[in-house]
Every structure is written in C-alpha cells, then in structure tokens.
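S.K.: Can you make the complete structure from the sequences, with help from the hints?
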Amino acid sequence: MEANGQLPLEFGLNTAGLAPPPFDSLSELITFALDNVTGFINPAPTGPFAGRFANLTWNEKVAVFSAMESGLAGPEMVTLANALLLYTGLVSYSDAGVLNPLTGELIAEPVGWQISGYEGVSVGRNDYQGYYRGQRRAHEH
Amino acid sequence: MRDVIIIGAGGGGAVVAKELAEQGLDVLMLEAGRHTGDAEQEWPLYESASQGVLRWGPTNPAMGPWRREYAQASTAFQTAGVGGTTLQYFGNSPRAMPGSFAGYNGADKNLYDNNYLFPFSYDELKPYYRWVEKILPVQTAALGTKEEVFIRGAEGIGLHYERGKDVDQASFRPQQNAILQPGGHAGRTDDPQRLQFPQARGCTYCGHCYQGCSMPRRAPRNLKAKRSTYNSYAPMALTADLWSRHGKAAEIVDDAFVTQVLTEGSGASMKAVGVGFRIGATGETHVETARVVVMAAGAIETPRLWLNSGLPNDNGWVGKGLTTHATDVVTGVMPFETKGSQGPASAVRADFPGYGSFESFGGMPGAYAANAFLGSEAGIAGIYDHSGEVDQSGADVVGRLVGPALKETMSDIDRLASIVILTDDDVDPRNSVSLSSQPADENGPVPLVNAQTQNFTARTRSNREYLTKKAVELLKAAGATQVIRPKAPPSLIHMQSSMRMGSDPANSVVDENGEARAVQGLYIADNSSLANAVGGPNPTLTTQAIATRTAEKIMQKHFGGSGWVDARGQPITSVDPRITLACEKRGL
Ligand SMILES: Cc1cc2nc3c(=O)[nH]c(=O)nc-3n(C[C@H](O)[C@H](O)[C@H](O)COP(=O)(O)OP(=O)(O)OC[C@H]3O[C@@H](n4cnc5c(N)ncnc54)[C@H](O)[C@@H]3O)c2cc1C
Chain A
1 MEANGQLPLE
11 FGLNTAGLAP
21 PPFDSLSELI
31 TFALDNVTGF
41 INPAPTGPFA
51 GRFANLTWNE
61 KVAVFSAMES
71 GLAGPEMVTL
81 ANALLLYTGL
91 VSYSDAGVLN
101 PLTGELIAEP
111 VGWQISGYEG
121 VSVGRNDYQG
131 YYRGQRRAHE
141 H
Chain B
1 MRDVIIIGAG
11 GGGAVVAKEL
21 AEQGLDVLML
31 EAGRHTGDAE
41 QEWPLYESAS
51 QGVLRWGPTN
61 PAMGPWRREY
71 AQASTAFQTA
81 GVGGTTLQYF
91 GNSPRAMPGS
101 FAGYNGADKN
111 LYDNNYLFPF
121 SYDELKPYYR
131 WVEKILPVQT
141 AALGTKEEVF
151 IRGAEGIGLH
161 YERGKDVDQA
171 SFRPQQNAIL
181 QPGGHAGRTD
191 DPQRLQFPQA
201 RGCTYCGHCY
211 QGCSMPRRAP
221 RNLKAKRSTY
231 NSYAPMALTA
241 DLWSRHGKAA
251 EIVDDAFVTQ
261 VLTEGSGASM
271 KAVGVGFRIG
281 ATGETHVETA
291 RVVVMAAGAI
301 ETPRLWLNSG
311 LPNDNGWVGK
321 GLTTHATDVV
331 TGVMPFETKG
341 SQGPASAVRA
351 DFPGYGSFES
361 FGGMPGAYAA
371 NAFLGSEAGI
381 AGIYDHSGEV
391 DQSGADVVGR
401 LVGPALKETM
411 SDIDRLASIV
421 ILTDDDVDPR
431 NSVSLSSQPA
441 DENGPVPLVN
451 AQTQNFTART
461 RSNREYLTKK
471 AVELLKAAGA
481 TQVIRPKAPP
491 SLIHMQSSMR
501 MGSDPANSVV
511 DENGEARAVQ
521 GLYIADNSSL
531 ANAVGGPNPT
541 LTTQAIATRT
551 AEKIMQKHFG
561 GSGWVDARGQ
571 PITSVDPRIT
581 LACEKRGL
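So the sequences go chain by chain: A and B.
Following our numbering, the numbering of the first sequence begins with 1 at its first residue and continues without gaps.
Following our numbering, the numbering of the second sequence begins with 1 at its first residue and continues without gaps.
Hints were generated in silico from the structure; no laboratory data involved.
Keep in mind that a hint or two might mislead.
Pulled from the structure, derived: some chain A residues nowhere near chain B, Cβ distances all over 12 Å [to be verified]:
{"#": "1", "residue": "Ser27"}
{"#": "2", "residue": "Glu28"}
{"#": "3", "residue": "Ile30"}
{"#": "4", "residue": "Phe32"}
{"#": "5", "residue": "Asp35"}
{"#": "6", "residue": "Asn36"}
{"#": "7", "residue": "Asn42"}
{"#": "8", "residue": "Pro43"}
{"#": "9", "residue": "Ala44"}
{"#": "10", "residue": "Pro45"}
{"#": "11", "residue": "Gly47"}
{"#": "12", "residue": "Pro48"}
{"#": "13", "residue": "Leu56"}
{"#": "14", "residue": "Gly89"}
Restricting the straight-line Cα-Cα distance to at most 25 Å, the calculated cross-link-like pairs of lysine to any residue (SDA-like) are [claimed, not checked]:
{"#": "15", "chain 1": "B", "residue 1": "Lys407", "chain 2": "A", "residue 2": "Glu140"}
{"#": "16", "chain 1": "B", "residue 1": "Lys134", "chain 2": "A", "residue 2": "Gln135"}
{"#": "17", "chain 1": "A", "residue 1": "Lys61", "chain 2": "B", "residue 2": "Gly382"}
{"#": "18", "chain 1": "B", "residue 1": "Lys407", "chain 2": "A", "residue 2": "Thr88"}
{"#": "19", "chain 1": "A", "residue 1": "Lys61", "chain 2": "B", "residue 2": "Gly388"}
{"#": "20", "chain 1": "B", "residue 1": "Lys476", "chain 2": "A", "residue 2": "Tyr131"}
{"#": "21", "chain 1": "A", "residue 1": "Lys61", "chain 2": "B", "residue 2": "Ile383"}
{"#": "22", "chain 1": "B", "residue 1": "Lys407", "chain 2": "A", "residue 2": "Glu60"}
{"#": "23", "chain 1": "B", "residue 1": "Lys407", "chain 2": "A", "residue 2": "Ala63"}
{"#": "24", "chain 1": "B", "residue 1": "Lys407", "chain 2": "A", "residue 2": "Gly120"}
{"#": "25", "chain 1": "B", "residue 1": "Lys126", "chain 2": "A", "residue 2": "Glu140"}
Note that beta-carbon positions come from the ideal geometry of N, C-alpha and C, so glycine has one too.
M.R.: Take a look at the structure:
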C-alpha cells in the first residue's frame with residue numbers, strides 16, 4: 001500500500017461499531033481472519049510483527065488470499081479478501097492520506113495522483129470536442 | 001392530515017412531489033438524508049472528503065455509515081439526501097428497450113425476459129418519457145477525448161450509429177444525458193476565472209460527476225450542470241406556488257427516516273393512513289397522516305420499510321426479483337491520450353437489444369482504480385484464478401491487478417478507456433432484499449441484499465458474456481494495446497424491480513398504476529417498482545417517467561383530477577427563468 005493510504009484506512013478500520021460483535025473494530029476482525037487463515041499456510045512464521053500474517057513472505061501472503069478467495073474458508077472470507085484488496089487500492093489512489101479533515105484542504109499532493117498522472121481536482125477542463133457528426137439533438141422516431 | 005406523504009426525495013420521489021405540488025396538492029416529502037444548503041461549500045471535490053458527505057449514512061459525517069448485510073462481495077451504492085442517489089449518478093438518461101414491455105412484437109421478441117414484462121406498452125410510456133426529458137432536461141452529450149476513442153472503436157467494429165431516442169438495433173450513440181451541455185467558456189478552458197456562471201454554462205468537464213456536481217460555480221441551483229433531482233425536480237416541488245397557477249409548495253423534512261408505514265383495516269380493505277418517522281439528530285419520533293402514501297426510498301429501503309412495517313406479503317414477492325444489470329468492467333490501455341479522468345463520467349454508449357448495453361466511464365483515480373482493476377471474483381491476475389471458467393471475452397489480462405501490475409497500468413489515468421457492462425438480467429426471486437438477522441440499527445432491522453453471481457440465470461450469464469466480448473472488441477478496435485477484465489463482482493449501482501409492477505398478481509407487488517396490491521392508497525414510485533431490468537439501459541429516466549404516470553393515477557383515483565401529460569404536453573422545464581426566480585425568492 002502507498003504510505004498515503006495508511007492513515008484513513010487505519011481510521012476506518014479502528015472505528016468502533018463498524019464490525020459485527022464480538023469484534024470491537026474492523027481491524028480486530030480482519031486481523032483475526034487473516035491470522036486464522038495464515039495458520040493453514042505457515043503456522044509459525046517468524047518476524048518482527050505482532051500479527052502472524054504480517055510476518056509472512058509475499059508468496060505466503062498471496063497464498064493466504066488465494067485460500068480466502070477459493071471459498072474453502074467460507075463465503076465471508078471471499079467477501080473480506082475482495083473488500084480488503086479493493087479498499088486498499090481505493091484509498092491508495094485517492095487523496096485520503098493527505099486531506100486535512102478540519103480545513104478540507106490537502107496538506108500535500110497525494111501520492112496516488114503522482115503515480116496515476118492525475119492532474120488534480122478542478123472546476124473545469126478544456127476537453128470539449130464538439131458534437132458527433134454535428135448532431136445536437138436525438139430524433140423522435 | 002396531508003394529501004400525500006412521499007418517503008424519500010431521490011430519483012423517483014421528487015418527481016411525484018413536483019407533479020402533485022404543481023396540481024395543488026398538499027405534499028410532504030420525508031427524506032432520511034440532508035437537504036444540502038450550499039452545494040459549492042458542502043460537496044467537496046476530493047474523493048475521500050465526499051465519502052463522508054455523499055453517502056448512505058446519517059447526516060452527521062462523524063457517525064459511521066448505515067449498515068447493510070450482503071450475500072456477495074459487492075455493496076450497494078445509495079446516497080442519502082435530497083436528490084438521493086441522483087446526487088452521485090452520471091445523468092445517463094436513455095429510454096428502456098421496447099422489448100421489455102407488454103405488447104412488443106419485434107422479430108427479437110424471444111430475446112427478452114418475457115415472464116416479467118412491464119404491464120403496459122412502450123408506446124403508452126412515450127409521452128411520459130418526452131415529458132421528463134423536457135423537464136430535466138435531457139440533452140445529447142457533446143464529445144470529449146475519451147468519447148472520441150470509444151466512437152472510433154464502435155465504428156471500427158461496424159456498429160450502427162443510432163440518431164434517435166428509441167433503440168431497435170445494435171448501435172452506438174452519444175448519451176442522452178441529464179446534463180446541461182457546455183456553453184460559453186465551459187469545456188473550453190481550465191481557468192477558474194472564466195469558469196464562473198454566466199461566462200460558463202452547463203458542464204465544465206471537471207470530471208467530478210460523482211462529487212454531486214456543483215458546476216458551474218455561481219450558477220443558480222436550478223442551472224447547475226447535472227440534473228440530479230436536487231437541482232431539477234426538488235426545487236420545482238418546493239416552489240410550485242410561485243410558478244404554477246394552481247400550485248402549492250411542497251414541504252421537505254430532512255434527516256427524517258421513515259420507520260413505519262401506518263395502515264387501517266385488514267384484508268382487502270387495508271389502507272395506508274400515514275407514516276412514523278425518526279429525526280436522526282435528536283432521536284425524536286413523529287407520526288404524520290395522509291390520504292395517500294408514496295414509497296420512494298429506493299430498491300433496498302422500500303422493501304426493508306415494507307417488511308419492517310409488517311405489511312402483507314401474501315405472494316412472497318416483497319423484496320424479490322432484484323435486478324442489478326449484472327455489471328462487468330473492461331479497460332483498455334491506449335497508446336495515446338484518452339483524458340479518462342476528465343469530462344462527464346459517461347457520455348457515450350452502445351445498446352444491444354435483447355442483451356443489454358454498455359457505456360464508457362471515467363473518473364478520479366481512487367474510484368477509477370477500484371472500479372476498473374480491483375474487484376474480482378476470479379482472483380489476482382496471473383497468480384490465481386478461482387472462477388473455474390476459461391475466459392472467452394478476448395481480454396488480455398483476466399483477474400484483479402495488484403502490486404507492480406496495478407502501478408504500471410494505472411501509471412497514466414489519462415491513457416485509460418473503460419467500459420461498464422449493463423446486462424439485461426432476468427428477474428429471479430433468488431435475487432432479493434430481505435431482513436438481516438444481524439443487529440438492527442436505530443431505524444429497525446437492516447436489509448440483507450442478495451445479488452450473487454451464482455444466482456444469475458443462463459440468459460443473464462450469456463448476455464453478460466456477449467456484451468463483454470463486444471466491449472473488448474471495441475476497445476481493441478479503438479487501439480488498445482492491452483485489455484483488462486478483472487472479472488469484477490456485479491457493482492450494485494443500478495438496482496431495480498425488488499417491488500416489481502406486473503400484470504400477474506402472483507408475481508408482482510404493485511399493479512400497473514404503481515399502487516400496492518395489498519394496501520390501498522399506498523404507491524411505490526422508485527426503481528423498486530420497475531417490472532424488470534428495462535432491457536439494460538440505465539434505469540432512472542424510466543423510473544421518472546413511470547413516477548410521472550403514477551402521479552397522474554394518484555390524482556385521478558384519490559383527488560378527482562384528470563391526467564395532464566399527453567403527446568402534445570409542454571411542461572415548464574426546470575431551467576426555465578421562472579424556476580430560477582422562484583428558487584431565488586425562496587432562498588434555495
Ligand atoms: C455511481 C452511480 C452512477 C449512476 N449513474 C446512473 C446514470 O447515469 N443513469 C441512471 O439512470 N442511473 C444511474 N445510477 C442509478 C441512479 O442513481 C438510481 O437509478 C436512482 O437514483 C434511483 O432512484 P430511486 O428513487 O429508486 O432511489 P434513490 O435515488 O436512492 O432515492 C431514495 C431516497 O430515499 C431516501 N430514503 C431511503 N430510505 C428512507 C426512509 N426510510 N425514510 C426516508 N427517506 C428514505 C434516501 O435517502 C434517498 O434520498 C447511478 C448510480 C450510481 C451509484
């Protein structure tokens with residue numbers, strides 16, 4: 001994930017009430033789910049992180065997602081895997097990490113804009129190319 | 001007691017409100033979300049900021065969204081607030097496919113969802129289409145660069161160019177959009193100084209359709225480019241006394257979540273008498289009574305409210321038959337500029353009667369990456385694929401993109417050309433809205449939405465594949481060096497027919513007039529009341545045409561009036577100077 005997306009993602013994941021009981025937050029639920037599936041791929045990964053999943057190699061992490069998306073770990077895992085990958089990408093490419101919620105202004109140019117060549121928000125663009133074959137009105141039959 | 005209470009001021013509800021307020025009825029709209037005061041101030045252009053404001057959730061952005069349960073890996077898009085989901089829609093306003101209606105006798109008749117047709121003919125609806133098209137108004141879209149790319153591809157695969165509004169053969173065309181087309185400097189400059197109304201009029205090509213559309217800056221509310229009902233029908237309803245000779249201003253209460261439809265009597269004489277609602281900010285509850293109640297809370301909330309109100313469901317069709325257009329997405333990487341992040345989100349389309357439609361789309365990078373590359377029912381491209389199918393679409397890459405592949409493909413958003421597939425999907429009772437067993441929220445038991453790909457009928461599947469293949473061909477003919485199909489789970493942007501109208505009482509909730517079969521004086525006038533997937537075209541114009549027809553039926557049956565829409569009808573349009581003046585006078 002681009003550094004940019006991390007803050008809002010953490011905020012969303014740690015907000016109480018978004019996860020079904022018994023979990024207090026989405027991040028608790030996700031950690032639980034990922035670590036559980038990790039147990040089948042590599043029961044005792046070593047590394048500096050508290051969560052088991054975080055200590056896996058790239059290939060092992062892919063294997064965890066593959067297992068989740070295979071449906072073998074239950075339909076909820078399919079949904080969760082898809083949502084995690086989708087939401088991470090969405091946040092990484094959006095302006096989320098650098099938007100000051102108090103002022104509504106950006107504190108820096110979003111990394112997601114730099115890596116996608118996005119020119120930034122605007123009240124208008126210069127891309128009007130006229131009407132196809134000059135036709136401004138559709139006919140009634 | 002009011003004449004009419006309307007639940008939800010979105011795509012359909014605001015239409016009924018305007019039509020009946022214009023006739024002089026006492027109309028109250030109850031809207032769960034906010035009534036935005038100053039759109040330019042309140043709707044941010046930033047993607048992440050707008051997610052807290054334009055969303056399905058309480059008016060207080062600090063609170064989490066309203067929860068729903070899903071049976072599949074895709075969530076429903078709905079926006080709370082006056083304007084409803086039209087606040088975020090793209091304004092594409094095609095008419096339905098004629099083959100989705102009763103009485104159709106074209107050579108391709110057998111290609112449609114013939115078990116679940118509209119209970120009246122396409123010709124019956126045409127005057128209502130024309131009426132709504134004038135009021136919004138709907139206009140032929142101009143082209144930007146990404147539209148020219150699409151058209152090059154459409155011409156390249158030999159598609160016919162459709163010049164009319166009624167589609168009877170496979171064809172492409174610029175969209176009929178509920179967007180005022182560019183005038184003055186609009187679309188011709190990126191200099192903010194020259195983009196203020198009235199130097200700029202209509203669509204400024206900013207690329208922020210999804211952020212509510214507050215362009216051009218300084219334009220009066222009814223002259224903003226995108227014709228959400230917030231800009232068009234709702235202000236007309238609220239000022240009906242000022243521009244219509246017999247009109248009476250409708251009233252809106254926002255932050256008002258209806259939790260109960262109240263009835264009297266039982267069996268065949270059960271009748272709607274009012275509603276119970278809850279004010280979000282304070283938690284206060286209220287009751288309002290009316291002679292007629294109109295449900296227009298959208299395809300998920302209308303069945304939820306029906307079920308939470310304990311209304312009858314004798315044939316079991318409440319919430320059943322949800323259609324979603326079984327969407328799919330393909331994207332071409334072009335060796336030239338497409339300006340994929342600029343201009344209206346979608347301004348060109350292709351239609352395939354009997355199969356469905358597809359259209360171009362663009363947008364900001366976060367949503368673009370998510371929609372075009374990240375959702376998948378197959379897996380990660382090149383690494384694993386759990387779909388169990390060999391892809392036949394001709395796409396070069398199948399599955400979602402992650403890591404370096406995503407970075408490489410997204411490295412220039414303005415060289416991408418994307419297409420969303422809108423399948424003519426079958427009504428099927430397995431696709432549904434019911435009540436979830438998860439904990440209720442402050443407004444009652446929450447909905448469970450079931451639109452699983454495995455429930456798609458054989459026709460839905462083959463239509464979806466047919467359209468996707470055509471879209472891949474089009475992108476290649478336009479010059480794509482690579483086409484990516486993530487195999488996205490259907491995105492729930494178009495949801496319809498969950499409280500369907502029909503001629504058969506055994507499989508419909510409302511009759512051909514939009515009135516509930518089980519409860520007198522209770523009408524449904526949103527996407528849920530559509531009979532089917534309208535053949536694939538975007539649904540809102542059809543909902544609005546039928547809502548207009550339903551308003552006439554309400555006037556005729558309950559208030560002794562007569563109809564006002566006919567083939568020669570000339571309504572006042574929402575951009576008329578009288579409406580501008582009325583909005584100013586009322587401080588809208
Ligand atoms: C990104 C996107 C793009 C789209 N583009 C297009 C397009 O180009 N063309 C097209 O035709 N369609 C498009 N759509 C779909 C379009 O937005 C819907 O078809 C349309 O808004 C449906 O109208 P509706 O009245 O059924 O529901 P809504 O517009 O959602 O209105 C329902 C209203 O009821 C309110 N409500 C709900 N429950 C309650 C309650 N219990 N009490 C009080 N109020 C309540 C809601 O807050 C909402 O305001 C798009 C949708 C999305 C998400």
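S.K.: All hints, please: hold or fail.
M.R.: Hint check:
no. : hint                  : result
1   : Ser27                 : holds, 14 Å
2   : Glu28                 : holds, 15 Å
3   : Ile30                 : holds, 15 Å
4   : Phe32                 : holds, 18 Å
5   : Asp35                 : holds, 20 Å
6   : Asn36                 : holds, 19 Å
7   : Asn42                 : holds, 17 Å
8   : Pro43                 : holds, 21 Å
9   : Ala44                 : holds, 24 Å
10  : Pro45                 : holds, 20 Å
11  : Gly47                 : holds, 20 Å
12  : Pro48                 : holds, 22 Å
13  : Leu56                 : holds, 15 Å
14  : Gly89                 : violated, 4 Å
15  : Lys407/B <-> Glu140/A : violated, 46 Å
16  : Lys134/B <-> Gln135/A : holds, 18 Å
17  : Lys61/A <-> Gly382/B  : holds, 15 Å
18  : Lys407/B <-> Thr88/A  : holds, 13 Å
19  : Lys61/A <-> Gly388/B  : holds, 22 Å
20  : Lys476/B <-> Tyr131/A : holds, 24 Å
21  : Lys61/A <-> Ile383/B  : holds, 12 Å
22  : Lys407/B <-> Glu60/A  : holds, 21 Å
23  : Lys407/B <-> Ala63/A  : holds, 21 Å
24  : Lys407/B <-> Gly120/A : holds, 18 Å
25  : Lys126/B <-> Glu140/A : holds, 10 Å
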